[in-house]
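> Here's the letter readout for the chains.
There are 2 protein chains.
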Amino acid sequence: MQMKELSAIVDKKLDEYLKISYPEDIFKSMKYTVLLPGKRLRPVMCIESARMFGADLEDVLPAACAIEMLHAQTLIHDDLPCMDNDDFRRGKPSNHKVFSEAIAVLAGDALLTFAPQIILKNSKNLGSEKLVRIMEEYFQAAGAYGVIAGQVVDIENEHRQNEGENLSAEEQEKILHYLHLHKTGDLFRLAVRTGAIIGGADEKSIEALTVFAEKFGIAFQIADDILDETADFEEIGKTPGKDKISGKLTYTSLYGMEKARKDLNLLLDECEKILQDNRLKTDIFSEILRKVRK
Amino acid sequence: MQMKELSAIVDKKLDEYLKISYPEDIFKSMKYTVLLPGKRLRPVMCIESARMFGADLEDVLPAACAIEMLHAQTLIHDDLPCMDNDDFRRGKPSNHKVFSEAIAVLAGDALLTFAPQIILKNSKNLGSEKLVRIMEEYFQAAGAYGVIAGQVVDIENEHRQNEGENLSAEEQEKILHYLHLHKTGDLFRLAVRTGAIIGGADEKSIEALTVFAEKFGIAFQIADDILDETADFEEIGKTPGKDKISGKLTYTSLYGMEKARKDLNLLLDECEKILQDNRLKTDIFSEILRKVRK
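As given, the protein sequences belong to chains A and B, one line each in that order. Counting from -6, one number per residue, gives the positions in the first sequence under this note's numbering. Counting from -6, one number per residue, gives the positions in the second sequence under this note's numbering.
Quick caveat, the hints were computed from the structure, so don't treat them as lab data. Where hints are given, some of them may not hold.
In this list, chains with the same sequence are indistinguishable; a pair is considered to hold if it fits within one copy or across any two.
[As the list claims (entries may be wrong)] When the alpha-carbon atoms are kept at most 20 Å apart in a straight line, the in silico SDA-like pairs for lysine to any residue are as follows:
1. K114 x E130
2. K167 x Y15
3. K21 x R283
4. K114 x R126
Generate coordinates for the entire structure from the input sequences, incorporating the hints supplied.
Dropping the structure here:
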């Protein structure tokens, strides 16, 4: 199976899980952002990490979809006027532009608990012990020790830069690494770890996939920073150059374009090597790594 | 033990669970609203519902505290400018007034997953099966089928009233019942059901406690609506009369003060009777019912 087929299966399942019921606006709002066109990288990586250990597609689909819902949750709240204030996402108006700020806040809240609810409802055959472990992974990634920590450091740093505070290059490096690791990396980490747990992987493989995902997360964010400076609206589906203007710390602003490209490809090489060395390489993982290269 | 002692134990434990770590602002913000002075009604009801079936206090404390954290989450997001826009809560400035809107949104998000994480981390001895059942209850109450559904209907109705839309008395009654049941009732429902599950209660008792909590939730909200019209800032810790001004549908606006008082006390009588008939009456439950009478 190719990535395209897998992501189509994920889309179909997401649509199925997100049934519109009363009060309709909240479900419509949740569904709107979750189903914006995307590559479904995180669910695909979750599925691959389960299937390589012999799991059935059906057993991992609920968790894979839940991770995409969590991802959508972070997008909805990050785009809010009080946060990054983005009017567009994946080429369409942001959630709060279509619905309202109030509904966007609530849709994000709802997705945070709807996602793990989908796992519990549809993965009974995994057994309670695995389910508890998956819940632990989910809370760790979704919460104040995970993506939220990354977002907090991101907005607080932006605020400090706009106040004219001067940070040393060393401090900026540390902050940038922290926010890439959490804001971006934690969802990839969650995806591969959850998949591997569902597949019944040994601890050594789970550890290898975790290191892989952390490196991949940083690579992915560097690629995103490069695109923010070089691509147009069509390509990235949001206003380009916004990070630079709003004083956000990015890999390209800190190291320049040339080093960003070089480091990105070095990281992707390391990712390939980890998979290779641990016999975790699959066609789809290779395809994903190829897609992120610049 | 009296209610006061129990709520002091809950406060101590909440303080313990909410350790300030990096990035500090998010933990400070979470802790700020969770630890605002309050009666800790929901955790106390959770604890009572477990202890009456023989559970140890230690076994139910994590879940009791988690429910208070979830309650705080709803307060933080409800107070946001895009929602009910309240500057005060429990006599102190609202979360977004002390921190910022961005941090308040993120603190609410963080509490939503921190709360169940506290349960999983500290209740290992309940066993995986009970933990999964508690998670299911939590997601049901916290999400789009629970408190969020109530909040959505509340703000959408307020919006309609402000647009001058005329609803029949019958429609208004239906909406009011729905939002009391979910916005207020679902957390009480969660509290007693979670406690009873931890205590190993039989299904009949769980069902009786559920009906009790639903009625109690409505009674509690009627009492809150009465206070909003009759009490001053000192008593309720937020701007009084605000619901009326902002066009919110309340029990007193729909039925008048006299009927509100009468219905409140009738509901509390029914609550007492349910507990009595099912041999679920405890001193603390009686104390709680007494406190809500007007």
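> Which numbered hints are broken by the structure, listed smallest first?
Checked against the structure, the only hint that fails is number 3, while the rest are satisfied.
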